[in-house]
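Visitor: Those protein sequences? They're chains S and Y, same order as listed. The opening residue of the first sequence carries number 6 in our numbering; numbering runs sequentially from there. The opening residue of the second sequence carries number 69 in our numbering; numbering runs sequentially from there.
Derived from the structure by calculation, the hints contain no laboratory data. Keep in mind that this is a model prediction, so the values were computed, not measured. Note that CB positions come from ideal geometry on N, CA and C, so glycine has one too. Please note: incorrect hints may appear among the correct ones.
[What the hints assert, rightly or not] Computed Cβ-Cβ distance ranges for the label pairs, DEER-style:
| id | chain 1 | residue 1 | chain 2 | residue 2 | range |
| --- | --- | --- | --- | --- | --- |
| 1 | S | 19 | Y | 107 | 22 to 28 angstroms |
| 2 | Y | 112 | S | 57 | 37 to 43 angstroms |
| 3 | S | 90 | Y | 168 | 21 to 27 angstroms |
| 4 | S | 44 | Y | 150 | 45 to 51 angstroms |
| 5 | Y | 180 | S | 57 | 46 to 52 angstroms |
| 6 | Y | 88 | S | 57 | 26 to 32 angstroms |
[Said to hold, decoys possible] Simulated crosslink set (EDC-like; lysine to aspartate or glutamate; CA at most 16 angstroms straight-line):
| id | chain 1 | residue 1 | chain 2 | residue 2 |
| --- | --- | --- | --- | --- |
| 7 | S | 62 | S | 49 |
| 8 | S | 16 | Y | 106 |
| 9 | S | 19 | S | 83 |
| 10 | Y | 168 | S | 109 |
| 11 | S | 16 | S | 83 |
| 12 | Y | 168 | S | 61 |
| 13 | S | 16 | S | 91 |
| 14 | Y | 178 | Y | 106 |
| 15 | Y | 178 | Y | 151 |
| 16 | Y | 168 | S | 49 |
| 17 | S | 62 | S | 73 |
| 18 | Y | 178 | Y | 83 |
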Amino acid sequence: DTGVSQDPRHKITKRGQNVTFRCDPISEHNRLYWYRQTLGQGPEFLTYFQNEAQLEKSRLLSDRFSAERPKGSFSTLEIQRTEQGDSAMYLCASSLVGRDGLVEQFFGPGTRLTVL
Amino acid sequence: TQLLEQSPQFLSIQEGENLTVYCNSSSVFSSLQWYRQEPGEGPVLLVTVVTGGEVKKLKRLTFQFGDARKDSSLHITAAQPGDTGLYLCAGALAFSGTYKYIFGTGTRLKVLA
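The following block holds chain S by itself, in its conformation from the complex (with noise of 0.2 angstroms):
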């Protein structure tokens, strides 16, 4: 299976410790997206890289979150100093950008992260 990978599929921590995510893209795609979705509502967007530059960051994303994909291909989203509401699913997606602005995303099966 060649689809969008993420690890760890669960994650429990307590409040304040530092968590971190990996996602790993469908390898011939250069955008990669971090959104994070909780119970009921659709994924929230916090952040993409195309290639590996960041070009777009989301207010969401405070200054406790930081994201990297260092050679274009994987990415990894920190969280330190968790705090109960990052309690959530994080998603990471990736896409090509087609002619005429055609982009479709292809997802992961997430990380749900719980925060005691």
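Position chain Y relative to chain S; hints supplied.
Guide: Here is chain Y on its own, set in the frame of chain S:
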């Protein structure tokens, strides 16, 4: 603020019934996608529509993109329990030389056997 509103928010129907989910915005999209998401999983892409007025069919699912590319609908014929899930629309907006991707609020569908 660009918003993509979906209606209804929740829908519970009996197996065999038809239904339509709507996705509306005041913004013009260069493309729009529909996804289905099951609990604990990521959204799965169902279809992409690009051209105003475009209609695409995927078995019992019919997707339509509005003529002005501001809205879309998803129609399911003879719904089955396997159609249960969260349906999300998402649109790509041209913005300052790049594209912003906006998700709708979601429609949670439950099909009862």
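Visitor: Starting from the hint list further up, note which numbers the structure goes against and sort them upward.
Guide: 2, 4, 6, 8
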